[in-house]
Amino acid sequence: GAGVSQSPRYKVAKRGQDVALRCDPISGHVSLFWYQQALGQGPEFLTYFQNEAQLDKSGLPSDRFFAERPEGSVSTLKIQRTQQEDSAVYLCASSLAPDSEAFFGQGTRLTVV
Amino acid sequence: RKEVEQDPGPFNVPEGATVAFNCTYSNSASQSFFWYRQDCRKEPKLLMSVYSSGNEDGRFTAQLNRASQYISLLIRDSKLSDSATYLCVVPPSGSARQLTFGSGTQLTVLP
Chain A
1 GAGVSQSPRY
11 KVAKRGQDVA
21 LRCDPISGHV
31 SLFWYQQALG
41 QGPEFLTYFQ
51 NEAQLDKSGL
61 PSDRFFAERP
71 EGSVSTLKIQ
81 RTQQEDSAVY
91 LCASSLAPDS
101 EAFFGQGTRL
111 TVV
Chain B
114 RKEVEQDPGP
124 FNVPEGATVA
134 FNCTYSNSAS
144 QSFFWYRQDC
154 RKEPKLLMSV
164 YSSGNEDGRF
174 TAQLNRASQY
184 ISLLIRDSKL
194 SDSATYLCVV
204 PPSGSARQLT
214 FGSGTQLTVL
224 P
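Order-wise, the sequence lines are chains A and B. In this text, residue positions in the first sequence follow this note's numbering: the first is 1, and each later residue adds one. In this text, residue positions in the second sequence follow this note's numbering: the first is 114, and each later residue adds one.
Honestly, I wouldn't trust all of these hints.
To give a feel for the contact side, a few chain A residues facing chain B, derived at Cβ under 8 angstroms [claimed, not checked]:
id, residue
1, Phe33
2, Gly42
3, Tyr48
4, Pro98
5, Ala102
6, Gln106
Quick look at which bits of chain B chain A covers, simulated, 3 or more residues with Cβ under 8 angstroms [to be verified]:
id, segment
7, 157–166
8, 211–223
These aren't lab readings, by the way, just hints derived from the structure by calculation. Here the structure is a predicted model, which means the values were calculated and not measured. Backbone N, C-alpha and C define an ideal beta-carbon position, used for all residues, glycine too.
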């Protein structure tokens, strides 16, 4: 596609429920990033993929968070046993290289109730 | 000290005013920088890249001061449509792989 696509746009989950967020990056972009953005804050890094390899997951807040990109294109961020503090916008970005311009998807707004 | 620090604002300025934001960074090895713009409930989008001492694009000027480790963004003749949050971004360095974002500066241009 022309841009980064994320789905769903909005997700309401009951506390304790598992959720899966999808990111479809720009075709040919090697680098893929997941960020978490709380209201009034800048995006906070979660994890980074180069093709299918997850090279950095230092930003994942707990072991309830898991990300994969098995074929080097589409990526899924999974959150198990969601908690209220997980409520945020989850942004996916892709770029040709780690230090080049990153293009963002519109994000998934997760609300845990 | 945080890697990237910005004055959160908010900056409220009248139409036509000139406004400037500063951003400080901690890693002296950083070579290039970005300013992103984020509208309310939208994704961040690239506004400008800064690779040397500065960059100018129409009403927008970005400057880099390596000695003091800060980047500035100047907006001249501000428009209502400039109202947004402006994010300072530092690319990866060392073993880091990710772009690092500041917390953003909120600008509201008033009629």
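A quick look at each hint next to the structure:
A hinted interface residue such as phenylalanine 33(A) counts as satisfied when its beta carbon comes closer than 8 angstroms to some beta carbon of chain B; here the least separation is about 6 angstroms, so the hint holds. Taking 8 angstroms as the C-beta contact cut-off toward chain B, the hint placing glycine 42(A) at the interface holds, the least distance being around 4 angstroms. Look at tyrosine 48(A): its Cβ gets to within about 4 angstroms of chain B, closer than 8 angstroms, so that hint holds up. Checking proline 98(A) against chain B: minimum C-beta separation of about 5 angstroms stays under 8 angstroms; hint holds.
The interface hint given for alanine 102(A) is met, as the beta carbon of that residue sits about 6 angstroms from the closest beta carbon of chain B, less than 8 angstroms. A least Cβ separation of about 5 angstroms between glutamine 106(A) and chain B falls short of the 8 angstroms threshold, and the interface hint therefore holds. Against chain A, the segment 157–166 of chain B contributes 4 residues with a C-beta closer than 8 angstroms to a partner C-beta. That satisfies the three-residue criterion, and the hint holds. Here's how the segment 211–223 of chain B fares: 7 of its residues keep a CB closer than 8 angstroms to some CB of chain A, so the rule of at least three is met and the hint holds.
Checked against the numbered hints above, the structure breaks none of them.
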